[in-house]
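Student: Please arrange chains B, C and D on chain A, whose structure you already have, making use of the hints.
Residue numbers (full-length UniProt numbering), protein chains in the order written: chain A, 1 to 417; chain B, 1 to 90; chain C, 1 to 953; chain D, 1 to 168.
Don't take every hint at face value.
Cross-link-like lysine to aspartate or glutamate pairs, in silico, EDC-like; alpha carbons within 16 Å at most [stated by the list, open to error]:
id, chain 1, residue 1, chain 2, residue 2
1, C, K193, C, E157
2, C, K645, C, D675
3, C, K846, B, E87
4, A, K269, C, E157
5, B, K84, C, D696
6, C, K840, B, E56
Here are some chain C residues pointing at chain D (derived, C-beta under 8 Å) [what the hints assert, rightly or not]:
id, residue
7, A556
8, P563
9, K566
10, T567
11, G629
12, G650
13, T674
14, D676
15, D704
16, W708
17, Q715
18, C755
19, V757
20, A778
21, Y780
22, H806
Pairwise CB distance ranges, derived in the manner of DEER restraints [stated by the list, open to error]:
id, chain 1, residue 1, chain 2, residue 2, range
23, C, E947, A, R386, 55 to 65 Å
24, C, N230, D, A40, 40 to 50 Å
25, C, T156, A, T2, 37 to 47 Å
26, C, L117, A, T2, 15 to 25 Å
27, A, E106, C, P465, 39 to 49 Å
28, A, E220, C, D171, 25 to 35 Å
29, A, A394, B, G22, 24 to 34 Å
30, A, P164, C, A424, 51 to 61 Å
31, C, A601, A, Q105, 48 to 58 Å
32, D, E49, A, N403, 51 to 61 Å
33, C, Q648, B, H30, 28 to 38 Å
Everything labelled a hint here was simulated from the structure, so no lab data went into it. C-beta: ideal position from N, C-alpha, C; glycine also.
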Amino acid sequence: MTRFNAFNLFAKALGGHKSWPEQWPDARPKPFYDAIIVGGGGHGLGAAYYLAKKYGIRNVAVIEKGWLGGGNTGRNTTIIRSNYLYDESAHLYDHAVKLWDGLSQELNYNTMYSKRGVMMLAHNVHDVQSFKRHIHANRLNGVDNEWLTPEEAKAYCPPLSIDPGARYPVLGAALQRRGGTARHDTVAWGYARAAAALGVDIIQNCAVTGIRRGPSGAIEGVETERGFIAAPKVGVSAAGNSSVIMQMAGLQFPLESYPLQALVSEPIKPVFPCVVMSNTVHAYMSQSDKGELVIGAGTDQYVSYSQRGALHIIEHTVAAICEIFPIFRRMRMLRSWGGVVDVTPDRSPILGKTPVPGLYVNCGWGTGGFKATPGAADLLAYTIARDEPHPINAPFNLDRFRNGRLIDEAAAAAVAH
Amino acid sequence: MLLIHCPYCDEKRPEIEFAYGGEAHIARPHDPSTLNDEEWEGHLFIRSNPRGRHHERWRHIHGCGRFFNAVRDTVTDKFETTYKAGEPRR
Amino acid sequence: MSGYRMEGAGRPDRSQPVRFSFDGESYQGYAGDTLASALLAQGVTLFGRSFKYHRPRGVLGAGVEEPNALVSVIRGPGRFTPNVRATSVEIYEGLEAVSQNRWPSLKTDVGSITDRLGMFFPAGFYNKTFMWPRSFWEKVYEPAIRRVAGLGDAPTEIDPDRYAATYAHCDLLIVGAGPAGIDAALEATGTRKRVILIDEQNELGGGALSDPALNPWLEASVRDLRAAPNVQILTRCTAFGFYHDNFVGAVERLTEHRADIGDGPREKLWRIRAGEVVLAQGAIERPLVFEGNDTPGVMLASAARAWLLRYGVAVGRKVVLMASHDSGWRDVFAMAKAGMSVAAIVDVRGTVDQALLDSAAQLGITVHLGSSVIGVSGRHAVSGIEVAANDGGNRRKIACDALLMAGGWTPTIHLWSHSKGTIAWRDDLGAYVPDKPNENVRCVGACAGKWDFGSGVVVPALPTPRDPTRIKAFVDFQNDVTAKDIGLAVREGFRSIEHVKRYTTNGMATDQGKTSNLNGLQLASTALGRAVTEVGLTTFRPPYTPQTFGALAGRAKDALFQPTRKTAIDGWAEENGAVYEPVAQWRRARYFPRGSEDMHAAVNRECLAVREGVGIFDASTLGKIEVVGPDAAEFLNRMYTNPWKQLQPGRCRYGLLLKEDGFITDDGVAGRITDDRFHVTTTTGGAARVLNMMEDYLQTEWPDLDVWLTSTTEQWSVIALQGPRARDVIAPLVDDIDLSAEAFPHMAVRLGHICGVPTRLFRVSFTGELGFEINVPAQYGRAIWERVFEAGRPHGITPYGTETMHVLRAEKGYIIVGQDTDGTVTPMDAGIDWAIGKKKPDFVGKRSLSRPDIVAPGRKHLVGLLTEDPDVVLDEGAQIVADPSQAVPMTMLGHVTSSYWSASLGRSIAMALVAGGHERMGETLHIPMPGTTHRAVVTGTIFFDPEGSRLNG
Amino acid sequence: MADSLHRASPLPGGTVTLEGATLSAAPEMGRYSLRARDPAALAALIGRELPDAIGACSGGIARLGPDEFYALLPAQDALPSGEGGPVSIVDVSARAVGIVVEGAGAARAIMAGCPLDLDRMQPGRATRTVFEGVEILLVRETETRFQIDVWRSFASWLWRSLAGVNAA
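Same shape as in the complex, but just chain A (with noise of 0.2 Å):
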């Protein structure tokens, strides 16, 4: 792997950047691997990774149907941040945090992760209330987190109208300093390329068509387009998909994939200096390093994988984005995008191992997922390595719908009163 930096940048400009070497490899799949992980996002292919790099299972595959990061990984807003209320979930996002922390030195890749501080806007009293439980529990957690007074909020983000007359005044605000975005592409890129320096094979266009278990039921391999690959283990990272995956292997899952939308604006001059979230107006925004305002929207209401979303659901957004950010109605919307999010009853993550001997699943981040890539890919990876699931990622496990240890976020955020 030729090294990225500056003075390689420069030796191979003088020759004109023609001895660049291919990123990663187009690989042929192999009759056999120890691992295989289904899903060429950035969590699959950071699982891949991990596996070589931590837990010492070179042998495996990524295998993807279309192109790498074509799915979430490239399709969402990149907003990193692990201020989230129960220990279950801090500790995971936290963990997430961590590693991209020194993620762009440890790929030598530069993913761009940006430590813009995630600012999440309370409207109402029922907001303040459930953010300063937030920042309560996150402190005793070693997560950051702190409130600001609408003046502070201010001075964070000045485009921010704190008009007390506003149909939805600003009452203060939880801001994570730690918070923030990276480069979506680079991530999925920079994994890529570390992982096949580790000797990870990287098949694209290449869908998975099924998957074979023995008569033990275990896993004995996929079969894809190209051909049955046997593995003793099998790890899917299919995102809106996943369903169809799992039902490849005879098992049901908790889940519905729903269309998201997502808009960029024309690119300006660096005017927005954070990332800003409000759920109650159902709006968050942040600006890119190429001066695009990134703009996330809601899901549409129906189960779909259509990747096509509705204008009215971008008419609600940008309203609410003007009415938070008035000085952005001249702003125009250059591009916008649909994604394919997967959810699950209490809207947290489902990661770890299956009924099916063998077969491991990370799915249903809905529209969380980016944040927690380096984390929910050491997780997976762990325990496809270890065939049981590292304590971060133990309570994120099927039983909790059978049991009823949900660990729902959005409940806990409760309902206006």
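Tutor: What follows is chains B, C and D alone, placed relative to chain A:
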């Protein structure tokens, strides 16, 4: 915005008059207490979430107010048919 | 010829001169000019700077495809608009435009240093560096990258403009009013079809506007269409997105082109549902890829034609054509005939149609076949070109001041792709064309690949004797993506066109790749040695061209953003100085400060007033559902945890509602009015949710029940009168209800009249005091409130708000769903399992209450907390631990759900969810706060009047 | 005594003039939500004809759904409570207020925020629908006259929203 045929109004109406009701034909057991935990989990949480033909409930909440069932392709989002609540699965 | 303006040519009205300014310099154009045509007419060639290398750029196109000539328009406070295309800006008297992305000036831009060092900034360079030393990323590198990012400046003031929106319906929607679109519309005239014809330009005609020969046809057609009663014409209107079931979004620009914008809306959002859609969006000419192709003065041949024949502007005094397609020849022939001097035609093809050669000869134009432009001289304007035979030989220089490119055509299939129609590759066109529709839509004219532009060949990049990895031949002009960047992407293993696009940012600029997608695709496919169809095409997504946030938001602005629901009594509260809080969609009076009182002081006073005298509270926002029918009791029995069948008419009961997962979702009091009629109340926020949940069970699970639900939330104004003097206050106002404790006990409801108005009078209490809730028809709400208030004056009646209501109920340990419960709390957890009908075989959520984790020990229970220091009011949401000295991360037992200063008790009180709380009575727990730790004792949740004697007073 | 009390409306008095239409508050009316599995029983009970088709409106009564009717009557007309019968009759006179949109441009004004194709809505039809986010009950009384019933707390928002529609 989808255009949805309401089998009661017998008209195609805009999606924003409707509320999606999740997967259809998941009847509440007559006596839930007779179900074991796994069966109850199945009723509460397990969904087919298919790529393709999906039986789902909609309610014409800002119209006639009725729940009804629909068959829709989740890849194209096109409705195959809609039919009244209580009618057999299509 | 004055400047570059051709007398007699073009549509701008020479009798209407228009003054405008660009970068502070004043110019004159004519009504009908665009900013670009007016500046070109003055010999201006330099319009802007590119995104990455800050290279000087001129005008490439003549419409929405323009990637280079982006400017900012300033028209007074809050009306600053960045990134608009000079080719689409109609000039008006006083127009003020400035160039972008340059410092200090457009001509001398310091940023262009990145151009000199361009070799060190290839595609994706930022992935490869800025990583050492690590700390530099945040402090040095990223801030620097961000500083240079972006095109136009950010707006700084609030936009004063208004925006409009509407829905529209038609049988036939035609997008694009060029010849093909106009023909489609003419066909529909005289039919019963409702037709909407949309065009993004200021007048109908599209390409025909650049072809004077078609003027008579165009004028006649437009006359017919305007006369047709069934045709609605929208100009300056862009159909930007094609959504499900022929739903098309469009934005009409109403004032942008006017000197006086008046007070009407700036833009209007059209949400159009069409029976059939006809797309007639035409095609966009493709640039050619060669060194220097971005020099100001190098532009599309079709654009030069439009500037001359539509706007009467010659783009040069001596122009050369570089062609790979016949259309360019025809364009320069038309220009030559109009009096422009064409120095030469260079065509990469070895042979072309003899007719073209003959025409060129007649017009005295030198022709170089099998040759290509290999270099362009001039930095801010073309001063000449170098041409060579495709084998590199026969190099020669040609002097000229404009170079026109004719690289073939790309059908505009954006909306077709939005609609998920399939596309097919046409080798002869070197482009994708519409194939199978997914909606009721068809393409006509050039966007369907049908045109009479002649033929051509597809060349990813022109041949050059120079080392292609050493030259800058641009593909995406705005984002500065060069042919070698595409090569680098492929070399580094990016094989999917989506990868190439994301790695190089080709096609991701504000022009959305209208001129760059196909060239990028061709280059990638060549580099990969794979067919274009194997490399794919990046999917088009809405919008077709960038659209204003304000227009997308429509009328939803300020007060119209979302309704603020107000009760019938809200006005009285406002007049009496209430401080409000938003609750769900409502605004509710939170407290009524007197003089300089803060909330704390006001709430203490209000609380004591209720405990010692009487208080009045607007409870109208509580959800209300009238449950009527023979099976009403049976239905409530199945929905709520409580038993209902034995409840007598005239009596009330607290109702607890679970979700099927066993967790508390709502509560309220229900009164039985008659055997078959219940008056059910819900929380304010839960009103709609509970009604929908009930309808769901009723319609889909128990359709056999004869019972119906009607929301009466807004039928009734609800006046809560609470306190020992409550009865005394209403006694004189009510003459047909016996108010005595015996006749009208706690948790009862009576029908009668108050001040002559029919009322449902509830004897209920959310305060622990003697209390009534007076329900009257909403139109009487305020009048009755005022009468009661007057009657209460002698008793010192005090209006109170939600905050006092919260304190009073907390003193009594009454929960608020959503505050003391959070969607993870069961009735047992909340200590209100007394509300569960033990003998009931089933109710919603019952089964879930026996799931393993729900019956396991150690669940969080709702308990009371009394701080050791009675003056300490705990922070709501504060976390509770057993051992405050443990290290972080700590093991937390739970959190404070409600916490107040109780004026009645003279100390603080709190409720909390604590693991195993019911088994911890009397235990001392700790609440670690920044800098200090509070100690508190676990108690029951009823702090005031535990016997409840006051209730029954 | 009730007559001496001020009866408040959330709507401002007077009319607003739009392009080709005017906006005014409808008078106070009697409103009833009528439900029954068997419409005949209901009709008999209230002694009035009920429209057959969903969406039809006659004699001041609109059929909103298979088992749901909505009566818009002169304020003084009262309906029986239907106690004991297999029906539900609920007085919701105060729940909503009416806004009258009248004139050649009425349909267009309403379509600014209502997604229905009102060109295709015949006079004498009524339906629940939405105006932007807000639920309304829309009655087309004549070609050029509509009454919009909207819940009281949304009325002032809807009024302002309609009054602003053709600022274009």
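Student: Next step is simple, just say for each hint if it's right about the structure.
Tutor: Evaluated hints:
1. In summary, the hint linking K193/C to E157/C is not supported, as the alpha carbons are separated by about 45 Å, beyond the 16 Å threshold.
2. Pair hint K645/C plus D675/C holds up; C-alpha atoms about 9 Å apart against a cutoff of 16 Å.
3. With a CA separation close to 28 Å, the supplied pair K846/C and E87/B exceeds the 16 Å bound.
4. For the given pair, K269/A sits about 15 Å from E157/C by alpha-carbon distance, which is consistent with the 16 Å threshold.
5. Between the alpha carbons of K84/B and D696/C the distance comes to roughly 14 Å, so the proposed pair stays at or under 16 Å and holds.
6. Between K840/C and E56/B, the direct Cα distance comes to roughly 31 Å. Violation of the 16 Å bound is thereby established for this hinted pair.
7. This hint holds: A556/C has a C-beta 7 Å from the nearest C-beta of chain D, less than the 8 Å allowed.
8. Interface hint at P563/C: satisfied, since its Cβ lies 4 Å from the closest Cβ of chain D, which is below the 8 Å cut-off.
9. Satisfaction of the interface hint for K566/C is found here, the shortest Cβ-Cβ separation to chain D being roughly 6 Å, below the 8 Å cut-off.
10. Because the beta carbon of T567/C sits about 7 Å from the nearest beta carbon in chain D, less than 8 Å, this interface hint is met.
11. Hint on G629/C holds. Least Cβ distance to chain D is approximately 5 Å, under the 8 Å limit.
12. The beta carbon of G650/C is not positioned within 8 Å of any beta carbon in chain D (closest approach about 14 Å), and the interface hint is therefore violated.
13. For T674/C, the shortest C-beta to C-beta distance to chain D is roughly 6 Å, which falls under 8 Å, so the interface hint holds.
14. For D676/C, the shortest C-beta to C-beta distance to chain D is roughly 7 Å, which falls under 8 Å, so the interface hint holds.
15. A distance limit of 8 Å between C-beta atoms decides the matter here; for D704/C the minimum to chain D is near 10 Å, and the interface restraint is violated.
16. Proximity of W708/C to chain D holds as hinted, the smallest CB-CB distance being about 4 Å (cut-off 8 Å).
17. For the restraint placing Q715/C at the interface with chain D, the shortest Cβ-Cβ distance is roughly 4 Å, inside the 8 Å limit, so the hint holds.
18. With 8 Å as the threshold, the beta carbon of C755/C comes within range of chain D, its nearest partner Cβ sitting at about 6 Å, so the hint holds.
19. Hint on V757/C holds. Least Cβ distance to chain D is approximately 5 Å, under the 8 Å limit.
20. About 4 Å separates the beta-carbon of A778/C from the nearest beta-carbon of chain D, less than 8 Å, and the hint is met.
21. With its C-beta approaching chain D no nearer than about 6 Å, Y780/C sits inside the 8 Å limit, and its interface hint holds.
22. Evaluation of the H806/C hint against chain D yields a violated restraint, the C-beta minimum of about 22 Å exceeding 8 Å.
23. For the pair E947/C and R386/A, the beta carbons lie near 59 Å from each other, so the given range of 55 to 65 Å is met.
24. Between N230/C and A40/D, the C-beta spacing of about 44 Å keeps the proposed range 40 to 50 Å intact.
25. A C-beta distance of roughly 45 Å is found between T156/C and T2/A, which places it inside the suggested range of 37 to 47 Å.
26. The hinted window of 15 to 25 Å between L117/C and T2/A holds, with their beta carbons roughly 21 Å apart.
27. Between E106/A and P465/C the CB atoms are about 45 Å apart, so this pair conforms to the stated range of 39 to 49 Å.
28. For E220/A and D171/C, the hinted distance range of 25 to 35 Å is not satisfied, since their beta carbons lie about 58 Å from each other.
29. Checked against the hint of 24 to 34 Å, the C-beta distance between A394/A and G22/B comes to roughly 29 Å, which is consistent with it.
30. Against the hinted window of 51 to 61 Å, the Cβ-Cβ separation of P164/A and A424/C comes to about 58 Å, which satisfies the hint.
31. About 56 Å separates the C-beta atoms of A601/C and Q105/A, a value consistent with the hinted range of 48 to 58 Å.
32. Distance hint for E49/D and N403/A: a CB-CB separation of about 57 Å, consistent with the stated range 51 to 61 Å.
33. At roughly 30 Å, the beta-carbon separation of Q648/C and H30/B lies within the given 28 to 38 Å, and the hint holds.
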